[in-house]
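Enquirer: Chain by chain, the residues run as shown.
There are 2 protein chains.
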Amino acid sequence: MTVASGGVSTAGAGFFSQHEGMLEAAVQALSTRTYKTPFPEIPSGKIYGETAAADGQTAFDGYLNASFVLDQPGSDGEIGDEQSPFGMALGVRYPRSDVNALVSAGRAAMAHWRNASIETRSGVCLEILHRLNKRSFELAHAVMHTTGQGFMMSFQAGGPHAQDRGLEALACAYREMTHVPSEVAWEKRISKTDTETYAKTQRIVPRGVAAIVGCSTFPTWNTYPALFANLATGNAVVIKPHAGAILPLAITVKIARDVLNEAGFDPNLVTLLVDTADAPETKQLVTHDDVRIVDYTGSTSFGSWIEENATQAAVFTEKAGVNCVVLDSVDDLKRVAENLAFSICLYSGQMCTSPQNVFVPADGIRVGSETVGFEDVAQAIVGAIDKLLGDPKMACEILGAIQSEATVTRIEKAAGALKVLRPSNTIEHPMHAGARIHSPLVLQATSSDPEVFMKEWFGPIVCLIATSDTSESIELASRVARESGSITGLLHTTDPTIESNAVAALTDVGVPVCVNLAGQKLVNHASAFSDFHVSGLNVSGNATFCDSAFVANRFRTVQVCRPA
Amino acid sequence: MTVASGGVSTAGAGFFSQHEGMLEAAVQALSTRTYKTPFPEIPSGKIYGETAAADGQTAFDGYLNASFVLDQPGSDGEIGDEQSPFGMALGVRYPRSDVNALVSAGRAAMAHWRNASIETRSGVCLEILHRLNKRSFELAHAVMHTTGQGFMMSFQAGGPHAQDRGLEALACAYREMTHVPSEVAWEKRISKTDTETYAKTQRIVPRGVAAIVGCSTFPTWNTYPALFANLATGNAVVIKPHAGAILPLAITVKIARDVLNEAGFDPNLVTLLVDTADAPETKQLVTHDDVRIVDYTGSTSFGSWIEENATQAAVFTEKAGVNCVVLDSVDDLKRVAENLAFSICLYSGQMCTSPQNVFVPADGIRVGSETVGFEDVAQAIVGAIDKLLGDPKMACEILGAIQSEATVTRIEKAAGALKVLRPSNTIEHPMHAGARIHSPLVLQATSSDPEVFMKEWFGPIVCLIATSDTSESIELASRVARESGSITGLLHTTDPTIESNAVAALTDVGVPVCVNLAGQKLVNHASAFSDFHVSGLNVSGNATFCDSAFVANRFRTVQVCRPA
Chain A
11 MTVASGGVST AGAGFFSQHE GMLEAAVQAL STRTYKTPFP EIPSGKIYGE TAAADGQTAF
71 DGYLNASFVL DQPGSDGEIG DEQSPFGMAL GVRYPRSDVN ALVSAGRAAM AHWRNASIET
131 RSGVCLEILH RLNKRSFELA HAVMHTTGQG FMMSFQAGGP HAQDRGLEAL ACAYREMTHV
191 PSEVAWEKRI SKTDTETYAK TQRIVPRGVA AIVGCSTFPT WNTYPALFAN LATGNAVVIK
251 PHAGAILPLA ITVKIARDVL NEAGFDPNLV TLLVDTADAP ETKQLVTHDD VRIVDYTGST
311 SFGSWIEENA TQAAVFTEKA GVNCVVLDSV DDLKRVAENL AFSICLYSGQ MCTSPQNVFV
371 PADGIRVGSE TVGFEDVAQA IVGAIDKLLG DPKMACEILG AIQSEATVTR IEKAAGALKV
431 LRPSNTIEHP MHAGARIHSP LVLQATSSDP EVFMKEWFGP IVCLIATSDT SESIELASRV
491 ARESGSITGL LHTTDPTIES NAVAALTDVG VPVCVNLAGQ KLVNHASAFS DFHVSGLNVS
551 GNATFCDSAF VANRFRTVQV CRPA
Chain B
11 MTVASGGVST AGAGFFSQHE GMLEAAVQAL STRTYKTPFP EIPSGKIYGE TAAADGQTAF
71 DGYLNASFVL DQPGSDGEIG DEQSPFGMAL GVRYPRSDVN ALVSAGRAAM AHWRNASIET
131 RSGVCLEILH RLNKRSFELA HAVMHTTGQG FMMSFQAGGP HAQDRGLEAL ACAYREMTHV
191 PSEVAWEKRI SKTDTETYAK TQRIVPRGVA AIVGCSTFPT WNTYPALFAN LATGNAVVIK
251 PHAGAILPLA ITVKIARDVL NEAGFDPNLV TLLVDTADAP ETKQLVTHDD VRIVDYTGST
311 SFGSWIEENA TQAAVFTEKA GVNCVVLDSV DDLKRVAENL AFSICLYSGQ MCTSPQNVFV
371 PADGIRVGSE TVGFEDVAQA IVGAIDKLLG DPKMACEILG AIQSEATVTR IEKAAGALKV
431 LRPSNTIEHP MHAGARIHSP LVLQATSSDP EVFMKEWFGP IVCLIATSDT SESIELASRV
491 ARESGSITGL LHTTDPTIES NAVAALTDVG VPVCVNLAGQ KLVNHASAFS DFHVSGLNVS
551 GNATFCDSAF VANRFRTVQV CRPA
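Residue numbers (the numbering used here), protein chains in the order written: chain A, 11 to 574; chain B, 11 to 574.
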């Protein structure tokens, strides 16, 4: 712990100069918005070190069936019951902490942190990101065995891509805090001969303690933007992970606390509140009088409850997306079907960006100069899914495992109630016996079945909906977004007028639209520094990763004015 | 109405090129934050034109006892019962409009407006500001005879300073919308030999219809920031003026509708919803499903009701300030008392920035090298008030009139309940018989009377509170801010340690602090482009004029991605 006399940490300042180049490049990337992944996405020993993979495995194994030590206040006993979707019980035991104690400790810890300079706080955040990045293999295992993602996705989305999103939010907060100079000389002519001069100083003042409610599928990716936006702007953070996906956030909290401590700050700026499905503590946390910021990722119903009830706080939500695909006309049906099949299979539709409803005219679509009927379009998609999942090992890597048993029940229920174009089947994982792996269920419905397409079927459940024509497809996709919320939209058309109408209708209701994807880019992907994730313009959420609105309301600029 | 084929208004584009320099300078001023009033604050014929004063008077007289024509939809009959605090009934009759009709018309009008370019929308806003500025004399009379402000203040705060605040919000919105380029070429290397390239376009999408709830004391100054932030970002606006201060906003709405119409847009982008104290319509408006943004200025209780109930909207509030002064030590008591007396008298304490509680140690304060007792400090302040108000004509100009009869009742009640250091007296206005003019009531209490200083006494009511020492004064001022909300703070001390402690304690709870004011600058003044008005960190409000957070949540950036 190295604290200079002015209360400014020299370690914090050192972290800033060490990582300043990365922050500057990130701020720049916010406005160019080209491809950028500051944290390398390839899990290669050449990048991460030859022993990184083995070290990560060892670290992960060390957590199993053991106590996870966090040394945070108000703790009494242990808690935790995570089950890997790949079959095993993790057996990690976390401290059981008291909500009030964590919030109070966070408030107390802010007294020093909020007075540190923007650079010092940003330096600490950059160092946390840097250390998280070095531990990406360890985090990958933790993400994999809580969310059910395949290893590659766990590494990328749980590691570097999550870190990219954290850096993006930090850069955005840094930009917004530095719009205003810290000192200003203000002069006003008050008569022909006299001028009054004042020295104004501006101070960044944080809102207060922040609560982050994590989800079960992307515990790090969905949490890091809020974590770094809050810390950078001077707030303390209590992280409440989903009871089924604690470990990735526990590791994150431990790393953050270590860095804060080394930089001379109170580690209680970042704490972990673990609860269980049987005794949830989220409501108590997010409506706590001293909690002034809430970030939430999860179901629409509980997110809406928070929006309506946590009125003492600034609330940022990412809820569910009922995402639509509009198929009108294509050049190459095979490539389109392959791209769509990958989007459908990736992590078994458990991404909030995964497509669910595929609207196809009952009379079929144009493919080049021909018309291909609805049945053949359906068969092309089903065939592409079958082909993609042909090799069980590859299938398991792409599909991952089903995070929650409730999703398996949902698959069974949907299959029993609707016309099935492709049944869901179970797949044996070559390495993890007992892994919960189910291939996508493809259903068929029509535009007269709103109870099917207006509703979220979370998991590997996709529905092809026969419409009277593409105009109706667009209208329905737009209605789904408006009434049920959509996070992504995919359109295939070779007709510029239809493209323009569909893009207008969908963006009007806050759906970003991918048009004619037929290569490796999937509609599911949202890249930091280029793609805005969730628009906040429909019920799928009220906030965006990452725009000014996501960061600017987490702090205020408060002025002091003195005669010069 | 001049609309180019692409739906982009040529008049709108023309307005932008005509006023672009003003916008650029305003964006620049947001980051330098030095003195800036783009709209001249001196009501001089040399600036505004030799006939401007007379034209303004004539225009105002023309509104009296007549119908105010707005030609907006859903109107049925007339409404309006404004009484000038200077004595006369205005007799202006406004259209009585239906909430649902105005909200629907706003939604419909947005279809074209949101598709206009950022430049076109900004050009229209700049032209509205330009025309408002030319009509500043007319607006001054309207503000004076609804709010009770003296003429000079009505001109400045109701005219150019309000226009400055509108321009500031517009510039801030422009900056935030243009952070992101409209087109991006995005390339990702997908293998050693292959790269995929996508063309991404970003569209600014507004949230929806916005409601602005005006107040009775600063109808234009408190409304323009939201009006221009909303319009610039593509939203429609329904303005609900206070039933006692309609005319300044009716004139504003008329000007905005004229400019919108000339630029080829639907004038229903800006409409006026007039109600009465007996049949208020604010709750219905702000909780309307299609209202997605609410800006409110007014009482804390109703503002808090909106924050808790208008959960379908992004809510921005400016509520009441119980503002404190901490007197510890001064160099020149006379100059300090004169400055404070002016702050107390200006517009009879009816500014949300006016001081209310003056904390003074019971043992007195240091003045230079001497100690001056509490009674003498009190006498210096009372004496300075008496001197400032010595000439009745000047007194009337400074005090203005009391906007609401309820404030007069409050003065009487306070005088009967507490120890009076200076009684409030009525003053005859030399030109307006029947004007409601009451000089400040100065009361005395102690730190054991929280029921006095924790509560807002809106109007010309000031209380000197004897404390055990300056530490207690600081503690109480900080508690008032935290629990009752403060918008401004004033500190007088010659001790650097006390200054630093007080500044920290007050800014921590979101109170901007003026230190040692003894010249013409008053704690009440909040200048556009330099001072942030309301911090949003205590119960005095949740939003600030004007930071990124004030504008960034009024729109989203929605992306379209196509293979290049």
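Hints listed in this document are in silico derivations from the structure and should not be mistaken for laboratory results.
Among the hints, erroneous ones may be present.
Put simply, identical chains are the same to the list, so a pair is met inside one copy or across any two.
[Claimed, not checked] In the EDC-like style, the derived pairs of lysine to aspartate or glutamate whose C-alpha atoms are separated by at most 16 Å in a straight line are:
(1) 198 x 51
(2) 403 x 422
(3) 465 x 493
(4) 198 x 541
(5) 531 x 91
(6) 46 x 206
(7) 531 x 206
(8) 429 x 342
(9) 531 x 197
(10) 531 x 204
It should be emphasised that the depicted structure is a prediction, and the values quoted were computed from it without experimental measurement.
Enquirer: Are the hints correct? Go through all of them and say.
Expert: Status of each hint after checking the structure:
1. Taking identical chains as interchangeable, the C-alpha atoms of residue 198 and residue 51 lie at most 16 Å apart only when they sit on different chains, with a minimum of 12 Å there against 54 Å within one chain.
2. In this assembly of identical chains, the alpha carbons of residue 403 and residue 422 never lie at most 16 Å apart, being 24 Å within a copy and 84 Å across copies at closest.
3. Taking the closest pair of Cα atoms, residue 465 and residue 493 come within 16 Å of each other only inside a single copy of the chain (10 Å); across copies the shortest separation is 44 Å, beyond that limit.
4. Taking CA atoms no more than 16 Å apart as the test, residue 198 paired with residue 541 passes between copies only; the shortest distance there is 14 Å, against 45 Å inside one copy.
5. When the C-alpha separation of residue 531 and residue 91 is checked against a cutoff of 16 Å, the pair qualifies neither within a copy, at 36 Å, nor between copies, at 63 Å.
6. In this assembly of identical chains, the alpha carbons of residue 46 and residue 206 lie at most 16 Å apart only when taken from different copies (14 Å versus 49 Å within one copy).
7. Taking identical chains as interchangeable, the C-alpha atoms of residue 531 and residue 206 lie at most 16 Å apart only when they sit on different chains, with a minimum of 8 Å there against 60 Å within one chain.
8. Taking the shortest alpha-carbon separations for residue 429 and residue 342, neither the intra-copy value of 27 Å nor the inter-copy value of 88 Å comes in at or below 16 Å.
9. Proximity of residue 531 to residue 197 under the C-alpha cut-off of 16 Å is restricted to the inter-copy arrangement: shortest distance 11 Å between copies versus 55 Å within a copy.
10. Taking the shortest Cα distances, residue 531 and residue 204 sit within 16 Å of each other only across copies (13 Å), while inside one copy they are farther apart (65 Å).
When the structure is compared with the earlier hints, violations turn up for hints 2, 5 and 8 and for no others.
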